[in-house]
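Visitor: So the sequence shown is numbered by our numbering: it starts at 1 and just counts up by one.
Certain hints may be false.
To be verified - Lysine to aspartate or glutamate pairs mimicking EDC-like chemistry, simulated, CA-CA at most 20 Å apart:
1. Lys222 - Asp398
2. Lys222 - Asp234
3. Lys222 - Asp243
4. Lys222 - Glu238
If you are wondering where the hints come from, they were derived from the structure by calculation, not from laboratory data.
From a predicted model like this one, the values you see are computed outputs, not experimental measurements.
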Amino acid sequence: MQFVGNRVFSDQALQAILAEDLAEQQEYSFLDLFALAQTITSHYNNAGYINSYATIPPQVVDDQAGIVILIIEGGLGTIHLHSSPGSRLRKGYLCDRLIGAARPLGLNHLLDALRQLQLDPLIADIQAELVPTARPEQHDLHLTIQAAPSFSTTLGLDNARPTSIGTYRRQVQLTEGNLLGWGDRLTLLWSQTDGSTNLDGRYSFPLNPQNGRLTLSLGEGKSKVIEPPFDFLDLQGESRSWDLTWRQPISFGRRTAAHLTPATQQELALSLSLNHRQSQTSILGFDFPLSPGADPQGRLAVSRLSFGQEWIQRGDRDYLQMRSQFSFGLDAFNATINPTGPDSHFFHWQGEGVWLHRFPHQGQLLINGRLQWSDRPLLGSEQISLGGLGTVRGYRQDLVSQDQGAFFSLEYQHPLVGRFNHPSGIIRIAPFFDWGRVWPAQPLGAETGKTLASIGVGLLWTVPQWFELGLYWGLPLTPQGEAGGANQRYRNRTLQENGFHLFLQSQIDL
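Please construct the entire structure, taking both the sequences and the accompanying hints into account.
Guide: Below is the structure:
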């Protein structure tokens, strides 16, 4: 037997399918050949290739050439798009993400592509129907898209900034998720404390149907130390940064294929990022170095190339994310290079993991951790910091920093009142345990590292698609002297230093 036109299954695979029938006969009638073609057609159809089939073309059969079976692998004809009024998503953005599943048309591949579209934040709902055409190897696809709001305003308030510049941070973020109709995203973020102001902008553009994206980020900030007894020194700093990142998913997967919301969605992605940051510090109005590695005028510049790997798994009750990043310091863009001490020459690796499991009774278990290793002493902007909201609660924000470190957090969120889908939301109590340790890459003398640990409880009020309010209280478990004398000396000055951490975030979609 010879097979022509098959791309999905190899000749060997098709021979194996027909092996039993071929072994029983030496001569074949037309009905026998038709039955062989039907066997192959059934194999294609059972595998999800609903408009692929096999046929016996006109031919002259001889002993050397054998019988030719022609495989017609079907595909999509026309994609008919029906969008909700006001939708600005271009047809090409949607069709490009489906066309790969149509060559040839396989139901499983098409369902995967539709699931990926359903996860797109620009799409609220999607309905699809395959319609046969006059050609048996071709189906048209009718898509009905309900667009989601693409513009949102997010307001935030927390006490997650260092006490030196003011703990209370106010944030306003404006996001347009579909600026030009191609799923390109523009984000502007303004944040302020009593001693600092930051403005950040980010533009992200999709590069291919596999959701590869190129993102350009720009940032600028100013800060001033307002914490006694150093506030009279007029310690100020300015910083500017830019970042160019390419993130490319390289594989998608699923564990069930019955409907558009499967039990598990998986994604593996790689990223490449080029980053540059420069800063300037002063004291009493005069340029002066306040950070290790800065030049006599207080200038510091760091250039970095990072290579990241990311694994994401989403399920009905579970979310798992694992991330690894290798960062290489570069002597580029006038980066700081010192004969001794930390500079823009470095290498470090950082690994992160998050696991969220939701129980049937609306409770949630949250586990996350982080690990950093470096080959030499690092500049402050590259070090790992512990303390405060986001790491070890119960301590001042960013209380300790070092070249290397590890962090682990375990939190269980138990529902008290309401449900996630209730108009008034859900109120949960959240006991937690946090632990972290930092240590230098090249210890000096007896310095081996510092450990922070705490237990505590939080109260969370979440109203989906409206706001989230949280208040945590942490009890430090390590001696204050080991964590840092400053925390003991100035304790009780702010809520943060009394172990209380709060946040409020509200999002309005337009």
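Visitor: Holds or violated: Lys222 and Asp234, Cα atoms, limit 20 Å.
Guide: Status holds; Cα separation ~13 Å.
Visitor: CA of Lys222 to CA of Glu238, is that 20 Å or under?
Guide: Distance of about 5 Å is within 20 Å: holds.
Visitor: Hinted pair, alpha-carbon criterion (20 Å max): Lys222, Asp398. Please report holds or violated.
Guide: 18 Å, holds
Visitor: Hinted pair, alpha-carbon criterion (20 Å max): Lys222, Asp243. Please report holds or violated.
Guide: Answer holds: Lys222 to Asp243 is near 18 Å, not above 20 Å.
Violation of the numbered hints given earlier is absent; every hint is satisfied by the structure.
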